[in-house]
Amino acid sequence: MLLARLAHVSQEVAATSARSRKIALLAELFGDAEADDVPIVIPYLAGRLPQGRLGVGWKVLSRPVAPAAEPTLTVREVDALLTDLGKVSGPGSQAERGRLVGDLMGAATKEEQRFLFGLLTGEVRQGALDAVAVEGLAQATGAPPADVRRAVMLAGSLQTVAQALLTEGTAALDRFRLTVGRPVLPMLAHTASSVTEAIDKLGACAVEEKLDGIRVQVHRDGDAVRVYTRTLDDITDRLPEVTGAALRLRGRRFVLDGEVISFGEDGRPRSFQETAGRVGSRVDVHTAAKSIPVSPVFFDALSVDDRDLLDLPFSERHAELAALVPEPMRVRRALVTGPEDAGMAEAFMAATLARGHEGVVVKALDAVYSAGRRGASWLKVKPVHTLDLVVLAAEWGHGRRTGKLSNLHLGARTADGGFAMLGKTFKGMTDAMLEWQTERLQELAVDSSGYVVTVRPELVVEIAYDGLQRSTRYPAGVTLRFARVLRYREDKRPEDADTVETLLAAHPEVGV
DNA sequence: TTCCGACAGTGGGGTCGCAAT
DNA sequence: ATTGCGACCCCACTATCGGAA
Numbered sequence: 202m203l204l205a206r207l208a209h210v211s212q213e214v215a216a217t218s219a220r221s222r223k224i225a226l227l228a229e230l231f232g233d234a235e236a237d238d239v240p241i242v243i244p245y246l247a248g249r250l251p252q253g254r255l256g257v258g259w260k261v262l263s264r265p266v267a268p269a270a271e272p273t274l275t276v277r278e279v280d281a282l283l284t285d286l287g288k289v290s291g292p293g294s295q296a297e298r299g300r301l302v303g304d305l306m307g308a309a310t311k312e313e314q315r316f317l318f319g320l321l322t323g324e325v326r327q328g329a330l331d332a333v334a335v336e337g338l339a340q341a342t343g344a345p346p347a348d349v350r351r352a353v354m355l356a357g358s359l360q361t362v363a364q365a366l367l368t369e370g371t372a373a374l375d376r377f378r379l380t381v382g383r384p385v386l387p388m389l390a391h392t393a394s395s396v397t398e399a400i401d402k403l404g405a406c407a408v409e410e411k412l413d414g415i416r417v418q419v420h421r422d423g424d425a426v427r428v429y430t431r432t433l434d435d436i437t438d439r440l441p442e443v444t445g446a447a448l449r450l451r452g453r454r455f456v457l458d459g460e461v462i463s464f465g466e467d468g469r470p471r472s473f474q475e476t477a478g479r480v481g482s483r484v485d486v487h488t489a490a491k492s493i494p495v496s497p498v499f500f501d502a503l504s505v506d507d508r509d510l511l512d513l514p515f516s517e518r519h520a521e522l523a524a525l526v527p528e529p530m531r532v533r534r535a536l537v538t539g540p541e542d543a544g545m546a547e548a549f550m551a552a553t554l555a556r557g558h559e560g561v562v563v564k565a566l567d568a569v570y571s572a573g574r575r576g577a578s579w580l581k582v583k584p585v586h587t588l589d590l591v592v593l594a595a596e597w598g599h600g601r602r603t604g605k606l607s608n609l610h611l612g613a614r615t616a617d618g619g620f621a622m623l624g625k626t627f628k629g630m631t632d633a634m635l636e637w638q639t640e641r642l643q644e645l646a647v648d649s650s651g652y653v654v655t656v657r658p659e660l661v662v663e664i665a666y667d668g669l670q671r672s673t674r675y676p677a678g679v680t681l682r683f684a685r686v687l688r689y690r691e692d693k694r695p696e697d698a699d700t701v702e703t704l705l706a707a708h709p710e711v712g713v
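Using the numbering used here, read the first sequence as starting at 202 and increasing by one per residue.
Since the hints were derived computationally from the structure, they do not count as laboratory data.
Incorrect hints may have been included.
Across the chosen pairs, the derived CB separations fall in these ranges [stated by the list, open to error]: (1) Glu-324 x Ser-221: 19 to 27 Å; (2) Gly-445 x Ala-216: 51 to 59 Å; (3) Gly-445 x Glu-466: 13 to 21 Å; (4) Gly-343 x Asp-567: 32 to 40 Å; (5) Asp-304 x Glu-702: 50 to 58 Å; (6) Asp-435 x Ala-551: 16 to 24 Å; (7) Arg-575 x Glu-324: 17 to 25 Å.
Straight-line distance between alpha carbons at most 25 Å, and here's what the computed SDA-like set of lysine to any residue pairs gives [stated by the list, open to error]: (8) Lys-491 x Asp-424; (9) Lys-693 x Gly-651; (10) Lys-625 x Val-701; (11) Lys-605 x Arg-685; (12) Lys-581 x Ala-707; (13) Lys-693 x Asp-589.
Beta carbons: idealized from backbone N, C-alpha and C, even for Gly.
Whenever a hint applies, use it, and build me the whole structure from the sequences.
Structural data, given as structure tokens:
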């Protein structure tokens, strides 16, 4: 298949807003793919590279290359070239990769170049990624969409399922079962604003500690243990403590879901930055493990002794977990039967926060494990802080925000009467707010020559955030975690905004 | 007819590791 | 040694489509 065909369909998919039409377009293309094209075409149209990331980013791809007049590239040629590209390493590799990318872009038409750019930067913005590709695949093969979706979640990969379906037909779906050693996409949670609200929605539920670490799925098959992240990357080699802990459990075959986190000598959890840094260390794992040891803490069991537990209610899965994993290696929890327990549950959350944890996750006891989905039966609750900050500048948006000032630079007052930037945010704005702030900020602009529009520091905005973290980038030495806009405060003047001093005082835990 | 679940899009900060300077 | 860049951890929120109620 020609890359041009694929690039054109991607363009068409992007141009329509109707999901049903996107699905039909993808289905038609999948149906036309030859057997050898399938493992390439499917991931490409779901916006992903079979090779994973290639060490080629926006910088390299932005170098202009004259496009070819006629389309000649086939998807298989492109795939082969990208495979070679991924193998280039060592000194001079950056230049070599740049050269290969240049060759590829030079052989591509303008439309193909656009598509390749999106693919290689991981920003195929066509309004159709995994979920829509799954529906398209189902339509192309006549398989029930729910069955295809489930197979993809259990295989952890759309491409594997697509290959089997398109070459062997619907019967191949039965092969995709939960298997020890093959990771499945983890279940995710929605947000609720309070524990009471979450309980009202879920009824009988468990309120569990939410630890601020790295999500892990631990597979043990006899003496072999593998540890996977939320995106199914294998990080076994970086976490010898987790392997050791899994081997000390009594069961010999299981799949567990949990969090890896580092506790300090005082027993309190270390900051996310410290845990993530440790888990990210690959070079000298044993030295890293000495200074920042991590512990696995589990909250769910997906498989025990080859029994697939995914479709059991959470209460039964947890009973299996409790039989296998001793209490100190499980998250703390409180059981709730109904709204009458709200007070107790709120107290549990308060105690969890007092122990230094992030918040809680409220889970319906009757819910199955919805692999790969953000099910409504898990609700996370975290405390939210707010500040009044001053807009120092704004950046022009991309995509559907093109032509709108989007990303705000946020400042707090300093002792000398100026402002210290604490970070940026683009979250929480409605289209109407984007419209309004684009107008208003341009009135306040003092420099609008680049992509950052600097403004007079006069506009006050109320910001929600999850906490403070250390920063080497910003002048106060701290930045806001997950900052988002709540509303503009035109009733406030910049001198009413919060100060760096009060912010630091409110977060003694960061120690700045 | 209205409501709501699922998805995609729009980017945020930090850390690590590698290559280039 | 330092800097730049890419990969991958953590993530919130809004708009939209289309099926459920």
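Now for the hints, and whether the structure bears them out:
no. : hint                          : result
1   : Glu-324 x Ser-221: 19 to 27 Å : holds, 24 Å
2   : Gly-445 x Ala-216: 51 to 59 Å : holds, 53 Å
3   : Gly-445 x Glu-466: 13 to 21 Å : holds, 20 Å
4   : Gly-343 x Asp-567: 32 to 40 Å : holds, 33 Å
5   : Asp-304 x Glu-702: 50 to 58 Å : holds, 56 Å
6   : Asp-435 x Ala-551: 16 to 24 Å : violated, 38 Å
7   : Arg-575 x Glu-324: 17 to 25 Å : holds, 21 Å
8   : Lys-491 x Asp-424             : holds, 24 Å
9   : Lys-693 x Gly-651             : violated, 29 Å
10  : Lys-625 x Val-701             : holds, 16 Å
11  : Lys-605 x Arg-685             : holds, 17 Å
12  : Lys-581 x Ala-707             : holds, 23 Å
13  : Lys-693 x Asp-589             : holds, 9 Å
Checked against the numbered hints listed earlier, the structure breaks hints 6, 9; every other hint is satisfied.
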